[in-house]
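> Sequence:
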Amino acid sequence: FTTAQQVSRRTNGAFDITVAPLVNAWGFGFDPTRTRSQAMLDSLKACVGYQKINLKEGKVTKQMPCVQLDASAIAKGLGCDVVANYLESQGVQHYLIDIGGEMRLKGVNNQYKHWRIGVQQPTEDSILVSNQVAAILSVSNVGVATSGNYRQFYYQDGKKISHTIDPRTAYPCAHSLLSVTVIAPSAMLADAYATAFMVLGDRDSIQTIAQQQELSVYLLYAEGDSIVARHTPSFSNYLVK
Numbered sequence: 001f002t003t004a005q006q007v008s009r010r011t012n013g014a015f016d017i018t019v020a021p022l023v024n025a026w027g028f029g030f031d032p033t034r035t036r037s038q039a040m041l042d043s044l045k046a047c048v049g050y051q052k053i054n055l056k057e058g059k060v061t062k063q064m065p066c067v068q069l070d071a072s073a074i075a076k077g078l079g080c081d082v083v084a085n086y087l088e089s090q091g092v093q094h095y096l097i098d099i100g101g102e103m104r105l106k107g108v109n110n111q112y113k114h115w116r117i118g119v120q121q122p123t124e125d126s127i128l129v130s131n132q133v134a135a136i137l138s139v140s141n142v143g144v145a146t147s148g149n150y151r152q153f154y155y156q157d158g159k160k161i162s163h164t165i166d167p168r169t170a171y172p173c174a175h176s177l178l179s180v181t182v183i184a185p186s187a188m189l190a191d192a193y194a195t196a197f198m199v200l201g202d203r204d205s206i207q208t209i210a211q212q213q214e215l216s217v218y219l220l221y222a223e224g225d226s227i228v229a230r231h232t233p234s235f236s237n238y239l240v241k
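Residue numbers (my numbering): 1 to 241.
In short, the hints are calculated from the structure, not lab data. Worth double-checking, as some hints may not be accurate.
Below, in silico cross-link-like pairs of lysine-lysine (DSSO-like), each with a Cα-Cα straight-line distance of 30 Å or less [said to hold, decoys possible]:
hint, residue 1, residue 2
1, 106, 241
2, 45, 62
3, 160, 76
4, 59, 76
5, 45, 159
6, 45, 59
7, 76, 106
8, 56, 45
9, 76, 56
10, 62, 52
11, 76, 45
12, 113, 76
13, 52, 76
14, 160, 45
15, 241, 113
16, 62, 76
Assemble the whole structure, with the sequences as input and the hints as a guide.
Structure, rendered in structure tokens:
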């Protein structure tokens, strides 16, 4: 909760765990309904905002009854960190933990080299047939998360509806950023920031990334008919040439 609120403040609300009502309204939550009106979205938007929740004496309090939490963009990363902490408490020094695509890695693989992982080429492939790799990373002692708009989506009235919902506008994101990979000290941070940058888009992400020195980020975005890669200088340390 504390980390989620911190990331929300640092990204001006692009990351927000109170986004649950909007996620449900667009058919990606526990309510499969895909019918909505502008009035409905406006009403739900009033229930969204990280400023509407607090942590007091170990309990989450909310300002409005309609506020709902969706921690799916940070909980898998946290799960990796929890498993990592347990393994280390048992003396395990070499591991790769993967929960839903979020990772925490330490030590070396069975070839005594840093772990090698691939960044998927973003293609509209909801059933995971394509396996093209945009980049190969050599990583250890970090958390890694990738977020993208090319797996979870559907078409409605000829328009692509992405699962990444902007909590500030109440609408699915529709920009040129296709995929973002974040390397951070923990999988929880990587997970949250990857989602935040997908909401922000490639242009707005750059400014935010520059303020977070602990992050290394790799962006893949559409430019005409091509997919263009852009990354922070520190990300070069992880790229396999």
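> Does each hint fit the structure? Answer for all of them.
For each hint, the structure was consulted:
Proximity of residue 106 to residue 241 is assessed by CA-CA distance (about 21 Å); at most 30 Å being required, the pair is judged to hold. Simply put, residue 45 and residue 62 have alpha-carbon atoms about 15 Å apart, close enough for the 30 Å limit, and the pair holds. At roughly 26 Å between alpha-carbon atoms, residue 160 and residue 76 fall within 30 Å of each other, so this suggested pair holds. A distance of roughly 21 Å separates the Cα atoms of residue 59 and residue 76; the hinted pair therefore holds under the 30 Å criterion.
A hinted pair counts as satisfied when its Cα atoms are at most 30 Å apart, and residue 45 with residue 159 qualifies at roughly 22 Å. About 24 Å separates the Cα atoms of residue 45 and residue 59, which keeps this hinted pair within 30 Å; it holds. Taking the CA atoms of residue 76 and residue 106, the gap is about 17 Å. The hint holds against a cut of 30 Å. Proposed proximity of residue 56 and residue 45 is supported: the alpha carbons are some 24 Å apart, at most 30 Å.
Proximity of residue 76 to residue 56 is assessed by CA-CA distance (about 24 Å); at most 30 Å being required, the pair is judged to hold. Taking the CA atoms of residue 62 and residue 52, the gap is near 6 Å; set against the 30 Å cutoff, the hint holds. Between the alpha carbons of residue 76 and residue 45 the distance comes to roughly 25 Å, so the proposed pair stays at or under 30 Å and holds. The straight-line distance between the Cα atoms of residue 113 and residue 76 is roughly 26 Å, inside the 30 Å bound, and the hint therefore holds.
Under the criterion of a C-alpha separation no larger than 30 Å, the hint pairing residue 52 with residue 76 is consistent with the structure, at around 23 Å. As the CA atoms of residue 160 and residue 45 are separated by approximately 21 Å, the hinted pair is consistent with the 30 Å bound. Simply put, residue 241 and residue 113 have alpha-carbon atoms about 15 Å apart, close enough for the 30 Å limit, and the pair holds. Between residue 62 and residue 76 the CA atoms are separated by roughly 23 Å; this keeps the pair inside 30 Å, and the hint holds.
Hint violations for this structure: none, all hints satisfied.
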